[in-house]
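Kindly produce the complete structure, drawing on both the sequences and the hints.
2 protein chains.
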Amino acid sequence: MEVLEAMKALRNVRKYKPVPIPEEKLKNVLNAVRLAPSAENRQPWKFIIIRDEERKRKLVSACGSNHKFMVEAPVIIVGCALPDEAYPALGSYMCSYPVDMGAAISHLVLAAANEGLGTCWLYDFSEDRLKGVLSLDGYVKIVGLTPLGYPAENPPPTDRKHINDIVCYDEYR
Amino acid sequence: MEVLEAMKALRNVRKYKPVPIPEEKLKNVLNAVRLAPSAENRQPWKFIIIRDEERKRKLVSACGSNHKFMVEAPVIIVGCALPDEAYPALGSYMCSYPVDMGAAISHLVLAAANEGLGTCWLYDFSEDRLKGVLSLDGYVKIVGLTPLGYPAENPPPTDRKHINDIVCYDEYR
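Residue numbers (the working numbering), protein chains in the order written: chain A, -8 to 164; chain B, -8 to 164.
Don't read these hints as lab results, they were simulated from the structure. A few of these clues could be false.
One copy or two, it doesn't matter: identical chains are merged, so the pair holds either way.
Below are the DSBU-like pairs computed for lysine-lysine, each with C-alpha atoms no more than 35 Å apart in a straight line [as the list claims (entries may be wrong)]:
id : residue 1 : residue 2
1  : Lys49     : Lys16
2  : Lys37     : Lys6
3  : Lys(-1)   : Lys47
4  : Lys37     : Lys122
5  : Lys(-1)   : Lys152
6  : Lys59     : Lys8
7  : Lys37     : Lys47
8  : Lys47     : Lys122
9  : Lys122    : Lys8
Next up, the structure:
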């Protein structure tokens, strides 16, 4: 799929076919994550691929009632950051890990769309609860997660702001 | 360009041809930014497109000696976040704006590669100094910036970690 076409094809898919993902497609998605840019190319991330049904069920139950649909997807991917490995002074004011993770998960969802797979990038979860289920220690931060699988629905695109509302020229307006 | 090919083509370009960017190409790059995913689809961003030579020169001089090469590029794009418009509780622990900006700038650099344009995503700048030059107030955060133009060099790809070092299955390892 062409880059802009894949960007236009991005959807939040909340219904999945109970069909496994071919290894080759999963490999392509993970390779896209691997290629994501990061501050000083530090790649401060680790992605947990959850396929085991029992673990998936536990994870989904820790995600709250809005996200039960995830259990249908054959895979859930949890995006973890390693802040100690990230660039500590982005803009001279913050650790780069959330920006790095934004790029990495963005590569993930785009590559999935490119493979004909659906995702639903989640931000509204309790990191504490997920860390409990995944037995993660304090060193790791969970920044995002998504189901991955063949879509069983084709939702319309979400609205975007007009280009004039997000772009300005030469000075801030 | 195909999605994975564009991801593989990403480079940090530090030499640019003194050639303007066709409007159509700039429009495609900005449209890609517009299509980026964000928490609750809030799109908490504004991108400043700097083409005026005088402003470009001032901005570059505020970026420090490592980044003087930027002045050759016909355009510099400054990615600003609007934290008050972002989702305040990502993972129940942080404001989403850095993650949103990671996705948006990631779309920018990918779409640029797709158009045959070079970028160099910068993280090591002083937000304070840039805000002074751009007359930005405290409400806005500068999260990243990049020159944009036709590459006058073809640097080799940067290394990436092995896939086994960034992926684990069913539990964190």
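Hint by hint, here is what the structure shows:
no.	hint	in the structure
1	Lys49 with Lys16	within (25 Å within a copy, 46 Å between copies)
2	Lys37 with Lys6	both (26 Å within a copy, 33 Å between copies)
3	Lys(-1) with Lys47	both (29 Å within a copy, 32 Å between copies)
4	Lys37 with Lys122	both (14 Å within a copy, 33 Å between copies)
5	Lys(-1) with Lys152	both (14 Å within a copy, 29 Å between copies)
6	Lys59 with Lys8	within (14 Å within a copy, 52 Å between copies)
7	Lys37 with Lys47	within (18 Å within a copy, 37 Å between copies)
8	Lys47 with Lys122	within (14 Å within a copy, 45 Å between copies)
9	Lys122 with Lys8	within (27 Å within a copy, 49 Å between copies)
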